[in-house]
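Using the sequences and the accompanying hints, generate a full structural model.
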Amino acid sequence: MAEEKDTQKKSWFWNFIDNIQGDKVILIIIAMLILFSIVTIFSSTSMLADSRTSRLDIFKEQMVTVAVGTGLIAICYFIPRIWIFRALSQLGFLVSITFLALLHTPLGVEANGAVRAVQLGPIQVHAYEVTKVAMVLYLAWAIHAYKNDSFKIANWLSSRFPRMAFLAKPGWKRMIYIFLPVLAVCVGILFGSFSSTMFIGGIMFITILIGGIKFKDIIPPAIACIAVACLCAGIYLVSDGKVFGRFGTAISRMTMDERHRDIKELRPGSEEFQKALDAIKQPASAKIAIHDGGLFGKGPGNSTQKYTVPLMFSDYMFSFIIEEYGLAGGIVVIMLYVSLLARASLIVRACDNEFAKTAVAGLAVLISGQALMHMFINADLGPLTGQTLPMISHGKSSFFVFSIAFGVLLSISKMAKAKIKKEEEESEPLVEGLGIQDDNVQDTLSELDDFESGKGLPS
1 MAEEKDTQKK
11 SWFWNFIDNI
21 QGDKVILIII
31 AMLILFSIVT
41 IFSSTSMLAD
51 SRTSRLDIFK
61 EQMVTVAVGT
71 GLIAICYFIP
81 RIWIFRALSQ
91 LGFLVSITFL
101 ALLHTPLGVE
111 ANGAVRAVQL
121 GPIQVHAYEV
131 TKVAMVLYLA
141 WAIHAYKNDS
151 FKIANWLSSR
161 FPRMAFLAKP
171 GWKRMIYIFL
181 PVLAVCVGIL
191 FGSFSSTMFI
201 GGIMFITILI
211 GGIKFKDIIP
221 PAIACIAVAC
231 LCAGIYLVSD
241 GKVFGRFGTA
251 ISRMTMDERH
261 RDIKELRPGS
271 EEFQKALDAI
281 KQPASAKIAI
291 HDGGLFGKGP
301 GNSTQKYTVP
311 LMFSDYMFSF
321 IIEEYGLAGG
331 IVVIMLYVSL
341 LARASLIVRA
351 CDNEFAKTAV
361 AGLAVLISGQ
371 ALMHMFINAD
381 LGPLTGQTLP
391 MISHGKSSFF
401 VFSIAFGVLL
411 SISKMAKAKI
421 KKEEEESEPL
431 VEGLGIQDDN
441 VQDTLSELDD
451 FESGKGLPS
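My numbering puts the first residue of the sequence shown at 1, with every later residue one more than the last.
Quick caveat, the hints were computed from the structure, so don't treat them as lab data.
Treat the hints with caution; some may be incorrect.
Said to hold, decoys possible - Calculated pairs, DSSO-like style, for lysine-lysine (alpha carbon to alpha carbon, straight line, at most 30 Å): (1) LYS147 to LYS214; (2) LYS60 to LYS24; (3) LYS419 to LYS396; (4) LYS216 to LYS152; (5) LYS281 to LYS396; (6) LYS414 to LYS147; (7) LYS216 to LYS173; (8) LYS214 to LYS298; (9) LYS169 to LYS216; (10) LYS396 to LYS60; (11) LYS147 to LYS173; (12) LYS24 to LYS419; (13) LYS298 to LYS60; (14) LYS216 to LYS287; (15) LYS147 to LYS216; (16) LYS152 to LYS419; (17) LYS24 to LYS417; (18) LYS147 to LYS417; (19) LYS24 to LYS396; (20) LYS414 to LYS24; (21) LYS147 to LYS169; (22) LYS298 to LYS287; (23) LYS60 to LYS152; (24) LYS414 to LYS396.
Here it is in structure tokens:
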């Protein structure tokens with residue numbers, strides 16, 4: 001009886017897995033990333049614990065974050081129609097620019113020397129994290145509308161008012177609906193982070209290229225973005241660093257080698273020495289963590305560099321993973337993000353909707369690209385950017401928005417799979433189309449072989 005119950009339980013579990021219509025490989029990737037997140041957050045957040053909170057409290061908080069994130073994935077997964085995503089995505093630019101504007105109000109919260117979060121009651125929302133996903137989805141909608149000429153407001157204005165007839169031209173539609181929102185968002189982010197501007201701006205331009213906008217059409221807006229960046233740099237210099245102050249932060253991070261030389265000239269124990277030491281301590285400790293990890297790592301909970309790197313649980317999570325789980329653990333994490341990119345390419349090929357193709361490709365590039373940049377920074381192959389490891393690093397806003405991104409990927413993969421299955425059922429079987437009545441294709445092929453060899457000819 002016990003064996004029968006176990007068999008029934010296993011059967012129920014595997015039946016549940018089989019009934020999931022979304023891409024199961026992406027589902028496995030999500031589960032693995034969440035598992036890594038739970039284990040590593042519990043082990044790496046020693047510096048977050050204080051007299052009021054313990055590591056167990058932080059772990060419980062992370063479990064709540066995972067539960068909410070899983071709920072967001074489920075909500076997105078069960079959305080039945082692609083037009084619902086498309087309708088919501090056209091609000092992406094409005095959502096992004098609203099959060100960026102709120103950073104300059106009393107609701108803005110300063111973190112690590114810059115205002116990057118918005119306090120909405122008890123909830124603190126990281127504006128840049130929301131902007132990443134919102135703008136990718138918005139651009140997917142805009143490109144779909146551009147190719148189908150379905151910009152209702154522009155078309156209505158151009159037909160209603162003769163002076164606005166220029167809005168009917170494709171070039172103006174590209175500029176107003178695609179390139180100007182990208183430029184506005186980049187300028188909004190530049191107030192708080194130069195590196196985030198470069199990264200998010202790059203992801204947006206890649207999404208535009210993936211969507212099928214010709215490269216020659218992107219060159220003029222790209223030049224305009226460079227001109228605006230130069231203008232912002234000029235404002236930074238004229239204002240003596242008071243406006244667009246993150247230019248100075250970017251320059252200081254790119255000249256880290258000079259700080260290594262300058263610290264030798266400072267007196268140990270002085271305030272200047274301590275500031276210079278803090279500026280170079282994190283990258284050095286991250287490299288030490290990678291070196292000490294070896295092939296199989298020190299084991300869970302045995303990291304030592306987490307006590308010297310204040311942001312080990314966010315900006316340097318990949319170094320922490322290698323220190324505790326070794327190069328083997330690091331390779332597993334890399335494979336998860338690479339596999340996501342590979343599966344997304346298959347989903348794109350199965351989609352016949354322009355919005356779905358651009359959204360899936362853009363979100364996959366965003367997630368994998370951010371993970372790759374995080375790894376490069378941890379290996380000291382570039383200046384610190386503050387880009388976390390998606391779905392693993394500590395941070396509620398990041399976890400929630402990437403949960404939505406994964407939910408969209410799963411939902412679109414489910415829709416694409418269902419459509420392919422429906423088309424296969426409705427299409428006329430090839431064998432019947434040839435006039436062959438035998439249902440067994442293998443037998444039919446054998447008969448053809450016999451016919452070609454002369455065995456099937458009448459004697």
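We went through each hint and held it up to the structure:
1. Pair hint LYS147 plus LYS214 holds up; C-alpha atoms about 12 Å apart against a cutoff of 30 Å.
2. Note on LYS60 and LYS24: the hinted pairing holds, with a Cα-Cα distance of about 28 Å set against a maximum of 30 Å.
3. Under the criterion of a C-alpha separation no larger than 30 Å, the hint pairing LYS419 with LYS396 is inconsistent with the structure, at around 35 Å.
4. Between LYS216 and LYS152 the alpha-carbon distance is near 26 Å, which keeps this suggested pair within the 30 Å criterion.
5. Distance check on the hinted pair: LYS281 and LYS396 sit about 26 Å apart at the alpha-carbon level, within 30 Å; holds.
6. With a CA separation close to 24 Å, the supplied pair LYS414 and LYS147 stays within the 30 Å bound.
7. Pair hint LYS216 plus LYS173 holds up; C-alpha atoms about 16 Å apart against a cutoff of 30 Å.
8. A threshold of 30 Å between alpha carbons decides the hint, and for LYS214 with LYS298 the separation of about 50 Å lies outside it, so the pair is violated.
9. Annotation: proposed proximity of LYS169 to LYS216 holds, straight-line Cα distance about 17 Å (limit 30 Å).
10. Our distance criterion of 30 Å between C-alpha atoms is met by LYS396 and LYS60, whose separation comes to about 13 Å.
11. Restraint check: the Cα-Cα separation between LYS147 and LYS173 comes to about 10 Å, which is no more than 30 Å; the hinted pair holds.
12. Taken as a hint, the LYS24 and LYS419 pair is honoured in the structure, with Cα atoms around 17 Å apart against an allowance of 30 Å.
13. Simply put, LYS298 and LYS60 have alpha-carbon atoms about 25 Å apart, close enough for the 30 Å limit, and the pair holds.
14. Taken as a hint, the LYS216 and LYS287 pair is broken in the structure, with Cα atoms around 41 Å apart against an allowance of 30 Å.
15. Of the supplied pair hints, the one linking LYS147 and LYS216 holds, its CA atoms being roughly 16 Å apart against a limit of 30 Å.
16. Restraint check for LYS152 and LYS419: satisfied, since their Cα atoms lie roughly 28 Å apart, inside the 30 Å limit.
17. Only pairs whose Cα atoms come within 30 Å are accepted, and LYS24 paired with LYS417 is accepted, the gap being roughly 11 Å.
18. Between the alpha carbons of LYS147 and LYS417 the distance comes to roughly 24 Å, so the proposed pair stays at or under 30 Å and holds.
19. About 25 Å separates the Cα atoms of LYS24 and LYS396, which keeps this hinted pair within 30 Å; it holds.
20. Restraint check for LYS414 and LYS24: the C-alpha separation of about 10 Å stays at or below 30 Å, so the hint holds.
21. Proposed proximity of LYS147 and LYS169 is supported: the alpha carbons are some 12 Å apart, at most 30 Å.
22. Of the pairs offered as hints, the one joining LYS298 and LYS287 holds, with about 15 Å between alpha carbons and a cut-off of 30 Å not exceeded.
23. With a C-alpha separation of about 48 Å, the suggested pairing of LYS60 with LYS152 is violated against the 30 Å cut-off.
24. For a cut-off of 30 Å, the pair hint linking LYS414 to LYS396 stands: about 27 Å separates their Cα positions.
Checked against the numbered hints above, the structure violates hints 3, 8, 14 and 23; every other hint is satisfied.
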